[in-house]
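Using the sequences and the accompanying hints, generate a full structural model.
Protein chains in written order, with the numbering used here: chain A, 12 to 396; chain W, 12 to 396; chain G, 12 to 396; chain C, 12 to 396.
Note that these hints are calculated values from the structure, not bench results.
You may find that some hints are simply not true.
[Said to hold, decoys possible] Covered, in the sense of this in silico footprint (three residues per stretch, anywhere, with C-beta under 8 Å from a C-beta of chain C), are these stretches of chain W: (1) 63 to 71; (2) 337 to 349.
[To be verified] Residues from chain G that face chain W, not an exhaustive set, calculated with beta carbons under 7 Å: (3) 32; (4) 33; (5) 68; (6) 69; (7) 71; (8) 72; (9) 79; (10) 338.
[As the list claims (entries may be wrong)] Not the full set, but computed from the structure, chain C residues with beta-carbon under 7 Å of chain W: (11) 62; (12) 64; (13) 65; (14) 335; (15) 336.
Values in this document were obtained by computation on a predicted structure and should not be read as measured data.
Even glycine gets a Cβ: it sits at the ideal position worked out from N, Cα and C.
4 protein chains.
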Amino acid sequence: MSDVAKPRFQCRVDRLPMDHPGDMTGLHRLFDDGTLDPASIVAILGKTEGNGCVNDFSRPYAVDSLLWLLADRLGVRPEIVADRVSIIMSGGTEGGLSPHFLVFSVAASSSPSGGSPSLAIGTAFTRDLRPEEIGRIEQVHATAAAVIDAMALADITSPADVHYVQVKCPLLTSGRIAEAHRRGEEVVTENTYASMGFSRGASALGVALALGEIGPDALTPSAIGHDLSLWSRRAGASAGIELTRNEVVVMGNSAGWDGDMSIAHSVMLDAIDVAAVRSALSLLDIPVDGQLAATEADRICAVLAKAEPSRSGVIRGSRHIMWDDSDINATRHARALVGGVIAGIVGRTDLFVSGGAEHQGPDGGGPISIIARKRSSVANESPSS
Amino acid sequence: MSDVAKPRFQCRVDRLPMDHPGDMTGLHRLFDDGTLDPASIVAILGKTEGNGCVNDFSRPYAVDSLLWLLADRLGVRPEIVADRVSIIMSGGTEGGLSPHFLVFSVAASSSPSGGSPSLAIGTAFTRDLRPEEIGRIEQVHATAAAVIDAMALADITSPADVHYVQVKCPLLTSGRIAEAHRRGEEVVTENTYASMGFSRGASALGVALALGEIGPDALTPSAIGHDLSLWSRRAGASAGIELTRNEVVVMGNSAGWDGDMSIAHSVMLDAIDVAAVRSALSLLDIPVDGQLAATEADRICAVLAKAEPSRSGVIRGSRHIMWDDSDINATRHARALVGGVIAGIVGRTDLFVSGGAEHQGPDGGGPISIIARKRSSVANESPSS
Amino acid sequence: MSDVAKPRFQCRVDRLPMDHPGDMTGLHRLFDDGTLDPASIVAILGKTEGNGCVNDFSRPYAVDSLLWLLADRLGVRPEIVADRVSIIMSGGTEGGLSPHFLVFSVAASSSPSGGSPSLAIGTAFTRDLRPEEIGRIEQVHATAAAVIDAMALADITSPADVHYVQVKCPLLTSGRIAEAHRRGEEVVTENTYASMGFSRGASALGVALALGEIGPDALTPSAIGHDLSLWSRRAGASAGIELTRNEVVVMGNSAGWDGDMSIAHSVMLDAIDVAAVRSALSLLDIPVDGQLAATEADRICAVLAKAEPSRSGVIRGSRHIMWDDSDINATRHARALVGGVIAGIVGRTDLFVSGGAEHQGPDGGGPISIIARKRSSVANESPSS
Amino acid sequence: MSDVAKPRFQCRVDRLPMDHPGDMTGLHRLFDDGTLDPASIVAILGKTEGNGCVNDFSRPYAVDSLLWLLADRLGVRPEIVADRVSIIMSGGTEGGLSPHFLVFSVAASSSPSGGSPSLAIGTAFTRDLRPEEIGRIEQVHATAAAVIDAMALADITSPADVHYVQVKCPLLTSGRIAEAHRRGEEVVTENTYASMGFSRGASALGVALALGEIGPDALTPSAIGHDLSLWSRRAGASAGIELTRNEVVVMGNSAGWDGDMSIAHSVMLDAIDVAAVRSALSLLDIPVDGQLAATEADRICAVLAKAEPSRSGVIRGSRHIMWDDSDINATRHARALVGGVIAGIVGRTDLFVSGGAEHQGPDGGGPISIIARKRSSVANESPSS
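This is the structure in structure tokens:
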């Protein structure tokens, strides 16, 4: 991504259905018919059909399948691919959610922007984070710096033009905790599962800081993971055991980019906040009366949303049972619910609805970002979806 | 219910939240403060928070709690209550669905109808069904006859005025199958779990027959459980091990009833068919633009819908994973999804969404019925909800 | 239990299978044929087939069914029964475990002891515990006092003759926590689920204190829930939301009791500690070579054991996945495993294996107590099982 | 495997623990330190930690990880590895079962047999099976022929010397069913999930036929999947979507092989049949009194067993709830139970207990095979475990 700049570029988004987490059929076809250049891929987001919790092997299975496929096509080792492409899988397609990959690639401009800013993408990394920095203010600041870097690469100058920031962040393992202890350092928590939430939370606050959603003064170290009144409107964070640093993918609109797509966002204030979904659609000039007409639904290239059970145990005063169900994890209920709410409006089920929303939207709600083709360009040829 | 007739009556619906399946707090309060006469109750529907599958003990726990409470209040044995009141629990409040009871009672008119037909209710039973009749044409005809009886009690003459028919039906047990065998009879299936589907299907077809949705000629014996092109637009059926006959609860609108409520229905053609939900609301003169305004949502007394995963494995062309998930039963996914879709429109989560929809709506869809207070009466005092 | 004393008594144990948690068939039959006097029942333990976790409604369903049945038979209100009979349900019959009730009753001696001490039982209650006392040293001391009381009622003077102490204890609810806060008091945890573990742990330590397993000096307040090197060899504790005080059931052997049964115990040091099971059997003079012969298995009236996944994540050096499985709760895996290990030895599956073993045996292990008919009495008539 | 013959060979078994299904650490180490030649591997069996049901992605994730690793080490494409090495993953490590790989390799003799027959292994394939042959007599006969081939390669002449036959077999997919229909052929079932059972059953009957456990006359076409009185004592079959033919791995003892290991088997008649486990151990000259002593447990290199819930719904007369639990699949309960029973005897939890036992042992039971180092050789150096 280091040279995503002066000659005009455009971002392409391919939405590929999958029959199982290792199903590479869609990518193979795009590569084989010359539609997509493997070297142009900068990020792949995927909704895989595991449980989205601790033992969700649909995620690493999909990641490894993608790495091996790209390595094979590019003639490099998988480790090299992992260094160059942000691959972020979110497990859990409960309810009607449909497993799919979102493949983001950057190529020389082939379709004009039509006069309005177009979808722009930039990726960046933090330095390696020490175990004692995870879930702490150091991770917040490192993430904020990476967001600024990625914005620059994406040629986005105003935070107002950023509409989605995906962060992939490390977690604490027993080994990392021990290593910190050997150096006499304390970690934020010795519970490895809990460390995922702290890392996601610190990452989301880093996004909020970079985008000016929260002022630096509001950010006391003790707020991380605790003061849920602080949240980003545009962050989506997930923790992965294989990382030692934060990966950041910034998406927004830029006059410096070409292409027929743009992005907008809103924030669902609770799990059934349809008004927020409609608001994001309106910003994309997609009229909605009830459910989107099929022609309008076709314009949508990606829906990226967060789902979390409200800690209050109620939705608009009515009790939900998500926290009480020992057979189905609460986050699984939440994804099914939010997926249904959004599908009702947009009329499609291939939605990237993910869980684990610490500091990402208010309690029980979450950010929602939508990428769509511009109205003027709907008649044009479009990438696979 | 034998005397629900000449002096004008009205149907009352109390929607009571529950903290657990044995939570009788709401009913106790209504009884204690004199709001509701225990003897006036004719039917109780409930969404309880179990898995809705084989080992869902939230259903019998709620049923027994209701029976013992009513028996205690009325000074009779629980068996007597069970004979007089239709108590039908549907397990499964996945996603955001909120556990609740719907208590239907009939009392002398206290609020006028306002000139339009009002919600009317009638209950009836079939004769005891022999094991070899379950899931067969005999059950279809017996159910149809009971629907006609219940319509008469509800003072509903035209099938067009019926908008919901809840049926509770028996299933085959090992003991009942053996008893049939001793008499030299064959049963529709020797799989007790499969018998539930056959019994629900035959019951739904009985409703369809009584309401003229299907002509008698279309109903060949082999169609039951197999020809899914035959379905009722208004039936909701559930099977219970404790029954030896069908119980039928008919709801509709009648000029012979008073009260401030009416009922309407539609059919969801797939799991995300928002147009059907909006259609039913329109029929009740409830304007919907996006999500119901809170004042309009308050008018809704009950939402009764069916949810089933499409057998095709797709929703509008996108794969769903409901049938492939060996950790969460497919019907649980479906309820969460349909609950989310409807909650998005009506803005509330205390919805009676149930599974097991053989011959109840098309594949992947299902009937939806809504009970609401009439527009003119919104300002009036209303039952607890 | 107030008059369980001077004339010689004997304890009877009926082990009753159940087809579902509300299945009272076995008790009805015993009452109807005059075998068992409802008034003689002092305690009922049951393994029900729910998930044994938060939303396990098989437990209250069974409890309520028992209360209503006994109330009906005794002509009193269910609340009176609840005050007089200890009814303790443990959810979870994973693997091959078979749902069953263990009904403990006390009646005048009808069969001699055969010269050796016989099974004796005593029950007692603590005073009501304030929220701030739960999971704290106050609960430890109150429980210890109740154990002493119950031992006296059971005519057991030496702690060495106590072989099982079942404790049912309260937990913290949001309401109780708020009540304590209003009085300016702090509670041990504001997490209601976590309070169950603290309450069980304090209760188990109370048993250990009463039986001299732990000296009072070892018991610092901070040890509760934390210092897992402190544990009882004979305590089994479960927390229930309906309680405000601890209920204690002590079982042991006493020369003051008649009857053909006795009890012994051992401690499984890990989940596959077969030697401990064999040790308990040996103490009962039950020879075991491989699996018990059927005639010896028939002598066993009850097996009471605790199961917990080891916190280390390994069993004898091999990794287990119990803590990593987000689809099946860790305690469910543990019960299935320990049930299999014990069933392999005793050759039967109606075993009372329960989870939640804080301070009840070492990490990954737990106490096991066995009640059996004495060798000399095997030929005699026996209670139903 | 084509040249496993004239110069004397020996079979090596490495049992490797895994931290997750993609954990190749153990193999990497063996390759890196020169202990194991990647080219010598003929079969890998693995217990992975998924649910063992439809959406168990731990299996293909492990298979792909192994294929890519071996391809990388051998400098060939993964497809070539898949053709040469039998890789068979069984999902489900419920209860205390520990995830592990069993790596079978064949190399020139380095340790003498000590005078008794040693563990021998042979693999073979059937021709490709047409969809209409799956679950039918053609698959039975093709499997039997492959078993005979594999026995020859393993230098085993008497069926009595065969002690385990692992079969991996294809299943019907929608595509394969359609292809058969286009040719005017009918398949055994149009239910793809049910086809797995038919394919496993036909494969097991093929083993039984080859080993003379069932005479050809007993094998009527209608028996497959229906007449459960027909079963193999040594077959273990699993179905995989990636196959179009049967893969067969035969293990037995042969005087033509060297090495310090041998194999024996028995049949568990129900899930708690400890006598069968002890019988297999005795055949290997492993004394068992209660649980194996650690030194004896160390001799055991692999335990291969089948687990299935009894269709009767009882174990020795006591009800089990495996079929009634809609939250946990019945096969998961069964593995946890049988794993506990066997672990109790052998004192270790890294056991290959798999489900899906059609025609593999009697209802509720299953074959058990054990590979162990010979008594005389215990003191010698041994492969990693």
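Against the structure, the hints come out as follows:
no.: 1; hint: 63 to 71; result: holds (count 4)
no.: 2; hint: 337 to 349; result: holds (count 3)
no.: 3; hint: 32; result: 5 Å, holds
no.: 4; hint: 33; result: 6 Å, holds
no.: 5; hint: 68; result: 5 Å, holds
no.: 6; hint: 69; result: 5 Å, holds
no.: 7; hint: 71; result: 6 Å, holds
no.: 8; hint: 72; result: 4 Å, holds
no.: 9; hint: 79; result: 6 Å, holds
no.: 10; hint: 338; result: 5 Å, holds
no.: 11; hint: 62; result: 5 Å, holds
no.: 12; hint: 64; result: 3 Å, holds
no.: 13; hint: 65; result: 5 Å, holds
no.: 14; hint: 335; result: 5 Å, holds
no.: 15; hint: 336; result: 6 Å, holds
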